[in-house]
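Number of protein chains: 2
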Amino acid sequence: MTKKGQLIVVSGPSGVGKGTVLGQYLASRERIAYSISATTRNPRPGEQNGVQYFFLSREEFEQTVQNGGMLEYASYNGNYYGTPKAPVEQQREQGNDVVLEIEVQGALQVKKSCPDALLIFIAPPSFEELRSRLTGRQTEDEKTVENRLNIARQELKCAGEYDYIIINDTIEQAVERLNQIISANRYNKNNMKEFLDEVNQNA
Amino acid sequence: MTKKGQLIVVSGPSGVGKGTVLGQYLASRERIAYSISATTRNPRPGEQNGVQYFFLSREEFEQTVQNGGMLEYASYNGNYYGTPKAPVEQQREQGNDVVLEIEVQGALQVKKSCPDALLIFIAPPSFEELRSRLTGRQTEDEKTVENRLNIARQELKCAGEYDYIIINDTIEQAVERLNQIISANRYNKNNMKEFLDEVNQNA
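These protein sequences, in sequence, are chains W and E.
Residue 21 in the numbering used here sits at position 21 of the first sequence; the count goes up by one each step and never skips.
Residue 172 in the numbering used here sits at position 172 of the second sequence; the count goes up by one each step and never skips.
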């Protein structure tokens, strides 16, 4: 029997570099899938259904929620965003791990409905460092930066709800830590139930 | 300020190969100490105080227990065996991890008194494999093997009390898993309290 893949939730403030860390980690391993979110916002030029997002109508989205088909969802700027449950479960049943890169509120919903999910928070070395990274981008005006920092403040306050916290000092270290955490979690007693059952039956 | 070292407890049945796994792991890393147990049994020829064991008199041992100076202790064959607390704490304060290789009952005592301890159980791939490893040694008679297997049965039933379970399929894999588990545990939210406090104050 194939061992069910792990459900891995990764969050972190905007500007912390979680996209880069996750990208490098995913590229380095096999048998892992990146969950594609669903949204009701309109596709931007070049975006394809099932690639960047699953694009759903408001009715479709709400129907899926009502049928229990979303692992988590939230509303931003008048649009829904969520994680469809079916593809995640399908991958896990095949023994593949699945990564959800989602916001803090969604992560806490997943923690409630899937207690076996592994929650990892990627944090900046300090709040000042995050400010400097966001300012350094120079692609965003001061008001946008302040807005992002305010959201980051709220997010960092929830970091203690996650199982693990990775400080992104350097990309290489953060990728290595992510790998260690996800690898080690396979041997957590909660993921060794089959073995324990077998041992207790035969011993 | 130096971050306090981790307290790592490793148990596993006789014959599972935990000595080999631990030995290879310890040789591969720095800033880790192997805790030396105390005992009231007499030193065997060649054994030195403070190397294989701290050799204590019955009175010294009982006095230490009464003063709360043992992390855990138990009695086997009429002799006490235990883990003196002071050297463990000293190493941890210096930022070094400390490994205790102890029996299941002692491990469960440590879990109670030190909830931040990381408990790792090393298990055989199967009970039959353990039997074959013990029989294969050919240094022990049938009665000793049966006795060890009976103890192993009891120990395996406690594996679910540990945080992590490593199946020792091959030494190399087991050493790698041990390394991943101990490395990852540094980023467990329970070991990130200082960071979380700081972030919450400054955010």
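Be a bit skeptical, because a hint or two may be false.
Pairs count within a copy or across copies, as identical chains cannot be separated in the list.
With a Cα cut of at most 30 Å, we get these calculated BS3-like pairs of lysine-lysine [said to hold, decoys possible]:
#: 1; residue 1: Lys189; residue 2: Lys143
#: 2; residue 1: Lys143; residue 2: Lys111
#: 3; residue 1: Lys157; residue 2: Lys3
#: 4; residue 1: Lys143; residue 2: Lys85
#: 5; residue 1: Lys3; residue 2: Lys111
#: 6; residue 1: Lys112; residue 2: Lys143
#: 7; residue 1: Lys3; residue 2: Lys143
#: 8; residue 1: Lys3; residue 2: Lys193
#: 9; residue 1: Lys143; residue 2: Lys4
Hints in this document: simulated from the structure, not taken from any laboratory.
So, going through the hints one by one against the coordinates:
| no. | hint | verdict |
| --- | --- | --- |
| 1 | Lys189 with Lys143 | neither (47 Å within a copy, 32 Å between copies) |
| 2 | Lys143 with Lys111 | neither (33 Å within a copy, 49 Å between copies) |
| 3 | Lys157 with Lys3 | between (34 Å within a copy, 22 Å between copies) |
| 4 | Lys143 with Lys85 | neither (36 Å within a copy, 54 Å between copies) |
| 5 | Lys3 with Lys111 | both (20 Å within a copy, 29 Å between copies) |
| 6 | Lys112 with Lys143 | neither (34 Å within a copy, 50 Å between copies) |
| 7 | Lys3 with Lys143 | neither (48 Å within a copy, 37 Å between copies) |
| 8 | Lys3 with Lys193 | within (11 Å within a copy, 33 Å between copies) |
| 9 | Lys143 with Lys4 | neither (45 Å within a copy, 40 Å between copies) |
Of the hints listed earlier, those the structure fails to meet are numbers 1, 2, 4, 6, 7 and 9, in rising order.
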